[in-house]
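4 protein chains.
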Amino acid sequence: MIGLGHVGATVAYTLVTKGIADELVLIDTNSDKVVAEQYDLMDAIARLDTSTKIVVQDYAALKDTDVIISAVGNINVIQQDGDRFGELKFNEAAVQEIAPKIKASGFNGVLINIGNPCDVVTAYYQELTGLPRNQVFGTGTFLDTARIQRALGNKLGVDPKNIGGYVYGEHGESQFVAWSTVTVNGRPVGEIEADYRINYEELETDSRRGGWYIFNGKGYTCYAIATCAVKLARAVLADAHLAAPVSTYHPGLGTYVGQPAIVGKNGIESLVFLKLSELEDGQLKSSAEFIKQKFDGLNRP
Amino acid sequence: MIGLGHVGATVAYTLVTKGIADELVLIDTNSDKVVAEQYDLMDAIARLDTSTKIVVQDYAALKDTDVIISAVGNINVIQQDGDRFGELKFNEAAVQEIAPKIKASGFNGVLINIGNPCDVVTAYYQELTGLPRNQVFGTGTFLDTARIQRALGNKLGVDPKNIGGYVYGEHGESQFVAWSTVTVNGRPVGEIEADYRINYEELETDSRRGGWYIFNGKGYTCYAIATCAVKLARAVLADAHLAAPVSTYHPGLGTYVGQPAIVGKNGIESLVFLKLSELEDGQLKSSAEFIKQKFDGLNRP
Amino acid sequence: MIGLGHVGATVAYTLVTKGIADELVLIDTNSDKVVAEQYDLMDAIARLDTSTKIVVQDYAALKDTDVIISAVGNINVIQQDGDRFGELKFNEAAVQEIAPKIKASGFNGVLINIGNPCDVVTAYYQELTGLPRNQVFGTGTFLDTARIQRALGNKLGVDPKNIGGYVYGEHGESQFVAWSTVTVNGRPVGEIEADYRINYEELETDSRRGGWYIFNGKGYTCYAIATCAVKLARAVLADAHLAAPVSTYHPGLGTYVGQPAIVGKNGIESLVFLKLSELEDGQLKSSAEFIKQKFDGLNRP
Amino acid sequence: MIGLGHVGATVAYTLVTKGIADELVLIDTNSDKVVAEQYDLMDAIARLDTSTKIVVQDYAALKDTDVIISAVGNINVIQQDGDRFGELKFNEAAVQEIAPKIKASGFNGVLINIGNPCDVVTAYYQELTGLPRNQVFGTGTFLDTARIQRALGNKLGVDPKNIGGYVYGEHGESQFVAWSTVTVNGRPVGEIEADYRINYEELETDSRRGGWYIFNGKGYTCYAIATCAVKLARAVLADAHLAAPVSTYHPGLGTYVGQPAIVGKNGIESLVFLKLSELEDGQLKSSAEFIKQKFDGLNRP
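Residue numbers (UniProt numbering), protein chains in the order written: chain A, 1 to 301; chain B, 1 to 301; chain C, 1 to 301; chain D, 1 to 301.
Treat the hints loosely; a few may be bogus.
Since the list gives no way to pick out one identical chain from another, each pair is judged satisfied if it fits inside one copy or across any two copies.
Listed next, the in silico DSSO-like pairs over lysine-lysine satisfying Cα-Cα at most 30 Å (straight line) [said to hold, decoys possible]:
1. 101 x 89
2. 101 x 265
3. 103 x 155
4. 101 x 292
5. 18 x 292
6. 275 x 89
7. 33 x 155
8. 265 x 155
9. 33 x 101
10. 294 x 101
11. 63 x 53
12. 285 x 101
13. 53 x 101
14. 33 x 63
15. 63 x 155
Hints are computed from structural coordinates only; laboratory data are not their basis.
Note that the coordinates shown come from a computational prediction; the quantities given were computed from them, not determined experimentally.
Produce the complete structure using the sequences and hints provided.
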């Protein structure tokens, strides 16, 4: 786990409290914070049924790990700017510092990036670690999709787990819900929109409003995003071939962008190409274009 | 869950992510924070195998709950004073406000208090809710005991879960490790102290230092204490008859104080009286006396 | 848990080993078997992180339970006849004996039936307990659907959890895969059948063959069916509003039959009507007709 | 998992249903049974939150596994003779066949034996695989200890998890409860025996009677023993340094025998020498002597 802010610490806690990780390496630029989390987690182990060995600040130990999760960021920047791109400069520098150390460790597993702007940072990690593209992906729109599942599920009194479909594109403003892919208990949402008076804009607003409530009330989000990251990490560890919308390289569009893919022990096992509407295809292209520009604008060292 | 600071939110997250609670009521004086946690938790449910209904700010809903966990506090006060009693005035007022609402709801389950100073606040909750003494207890020295288990386990290369024995007394400065009760893999620690060069003072320092590292690095502790509270809540829900050191009423000493007890569906099912050394007996009395003075000094309305 | 054959015992074990049930009532006509399972489960509790109280042979204790799972049956009959209807006579008598006792206990929760022939036995339970229809349902084609998910998932290298769609109809010979409802990673299977050379008959054969392998190799099936039943029980306990194909009353067809429905704290919260093909509609009607005939043929006392 | 009788299959199911194993290799002389269990487990995966890859009959795949659990046996022999030694001849031959294949695979992890007579079979596995002694151990008296925890816990209304102490010696008739090591909620049982009218013989009878009830009612035991084996396997996987009574080599006594030891990633990390009473020391020697004789009597090829 690289980066122990609110998200990184929650991921670490989840891996420990659910007994998922047998060994956990915690790394952060703030050594006091890392040691604090290490002790807070170690003190919990006497009360759990499982055990996790917790190592700190040791890049060399990454060599033998199966998965690295990076949640580097600077929440203060976002809080000021209210924009995920506020963190770009900070994370650009962070990746420049971290990626070579990962490379030097001999790590050859799967790197999952949570840090924002997620698509650009993920692509940059891939470039600077030199790992194959399938071994580096981002949480992308996996959280955004969960939020639409929550919003639609709540509206219809349906378990969010029974809502299918995906949010595509940038984990940011240019993302969009591909409504043509959305199903409710197996029915295309279009079939029931009249009966249930589904207003797509309202739902997207509700989904976004949830994020805003969280940001407004606690200044950051951690539980849902950590849950998403842990689910992806487990899919890699167990080679689950989970279909999930993540930030991965789209060959046709020439960039990392949020899209459904199959996640397994090699990271991205394959992409899932759903038939999108013409409008959605256009939205995906625009979103990809936006990411590409940001990526091209990085100040490579 | 009453009080959604770092600890309360972590308890709520743990109950959701481990699928322990089917329904969760979140209450806090800061409504924005409650709604933020509600949404951050709801957004996670699409990615979990379990479901939890999350209700906010509804004291009336407490009527049918089995367990209330209270983690009310004001971390800012501690951070300034570096002393758990810094929070007393704040929590005294909080209990005066909350307890009557719990009473009015008709709640007749088990109330577990985490808020500090734990022993005094727990006793005050019992007084003001009018619940039987067995139905109100505090996390007390359950965390402190976990820390000694961690420190001793680390020193000896032993799973902390295989360290027996308890920290007694106040969840605060006057607490003490009852070394006469401590066992390592079933052996009294006294039997092995020479072989392993066990220095009791050093271990207590190490245990305390861990707490200090956590406070220094993150400004609060949350994961271990939340894990302790969740373990106690599960023991109540499943009537587990778990032996654990908690803050409960000691009839001989006439006060709430940290001591081992059996936790089950009625809260405290019975007390566990271990044979302490004379020195330890004295330490327990002093610690109890200290708690009693603080409790008597409350400004009852 | 009523009926402690291979399936019932596995359900009980799963509820204990995963810490799902705080209290479990075990009932079977064979008291020696019940006590054997009780002790085998109780001996496990010292090694688990959770606790479950296990009560035996006590119908009165059902009054306060949330869920009854019935797995009554006589495997010897099936083994001879190789047909689920071989058990009908046996289970007809069993329901006549058990249902009045459930009724007498004052039970007002949700009854989930696993016993075969599932649809007929479930309907009979509903009739004789007098519980509302929504509170009595059967595992129906939930297992059959899992098998198609497994077969299709294996063929395509996809996590079975990413296969959508349902098997409808009788949990027996007249069931059918509603291919028009099946999706793979969110894509209708029809869209990819050419690319992946999907042969529907082959898949159905593979799915059935799996069941046959199990029966041939161990004489009964227990793990997958128990996992299905536990998932449904958890959906009730947590009011999850899970969409699942179960045996429930179809008002249009006038009988219990396997179809997707929403499972929550009231049992069946609502039905899910997917647009089936004309062929599938016909198959559902035939299957329902078959069940109805069998149900009408019961020798009511 | 080698040997897929009731115990082996239950271990496999537990590893799958709790998501502990990412990959599982199932091996048995009865190929139909292995394939049956494989399909019954695979059919469950669509209903679980985790994924496990299940491979069958592939000794070569053992090379990369961390833990082998062997539960080879022939229940029919026991049922006739009512004695664990009834299985010795059968398991002697089984080990002669299996051990060389394990060796040939290049396996260098930890082998946990459940098969009976446990101590002799474990020792024989160690001899024939040529693995270091610490890497081969047996479940030994871990189950017997759980049974005494259950019996004493039930009598006193105490969570079995709060009963400390161990059963030593052979996993068979010559075993004994080392009462001098037993604690109840941290108190030596001797301190409370008068207050609670504890009759040691009665408790041992109750503990054994439980086993007899299980055998009488279902003809075999599976849930508790599987739970014990899984707990030991997890301790190895997570390097938990768990203290547990297992069958391991006692240098002073020159044989495998049930005694407390520390279980971690290397198998047995160290032994735990508790101060036994003179009587108990004698019982341990006798039991060890008995095991040694049986081991020396094996018909080595």
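Original post:
Is the C-alpha distance from residue 275 to residue 89 at most 30 Å within one copy, between copies, in both cases, or in neither?
Top reply: Neither, since 36 Å and 51 Å both go past 30 Å.
**OP:** Have a look at residue 103 and residue 155 and pick one of within, between, both or neither, based on CA distance no larger than 30 Å.
**Re:** neither (46 Å within a copy, 34 Å between copies)
Original post:
Under a CA distance limit of 30 Å, which applies to residue 18 and residue 292: within one copy, between copies, both, or neither?
Top reply: neither (38 Å within a copy, 39 Å between copies)
Subject >> residue 294 and residue 101: within-copy, between-copy, both or neither at 30 Å Cα >> reply: The answer is within: 24 Å in one copy meets 30 Å, while 53 Å across copies does not.
Subject >> Intra/inter-copy verdict for residue 63 and residue 155 if alpha-carbon distance must be at most 30 Å >> reply: Intra 46 Å, inter 27 Å, cutoff 30 Å: inter-copy only.
Original post:
At most 30 Å between C-alpha atoms: does residue 285 with residue 101 qualify within a copy, between copies, both, or neither?
Top reply: This pair counts as neither: shortest intra-copy Cα distance 34 Å, inter-copy 55 Å.
**OP:** State whether the alpha carbon distance between residue 33 and residue 101 is at most 30 Å within one copy, between copies, both, or neither.
**Re:** within (20 Å within a copy, 38 Å between copies)
**OP:** Give the relationship of residue 53 and residue 101 under a CA distance limit of 30 Å: within one copy only, between copies only, both, or neither.
**Re:** For residue 53 and residue 101, only the intra-copy Cα distance (22 Å) is at most 30 Å; the inter-copy one is 33 Å.
Original post:
Between residue 101 and residue 89, at a C-alpha cutoff of 30 Å, which is it: within one copy, between copies, both, or neither?
Top reply: within (19 Å within a copy, 49 Å between copies)
Original post:
At most 30 Å between C-alpha atoms: does residue 63 with residue 53 qualify within a copy, between copies, both, or neither?
Top reply: Cα proximity of residue 63 and residue 53: in one copy and across copies (16 Å, 24 Å).
Subject >> Identical-chain pair category, residue 33 with residue 155, by Cα at 30 Å >> reply: Close across copies (23 Å), not inside one copy (40 Å); limit 30 Å.
**OP:** First find the shortest C-alpha distance between residue 101 and residue 292 inside one copy, then the shortest across copies, and answer within, between, both or neither for a cut-off of 30 Å.
**Re:** Answer is within; shortest intra-copy Cα gap is 25 Å, inter-copy 55 Å.
Consistency with the previously given hints fails for numbers 3, 5, 6 and 12, ordered from lowest to highest.
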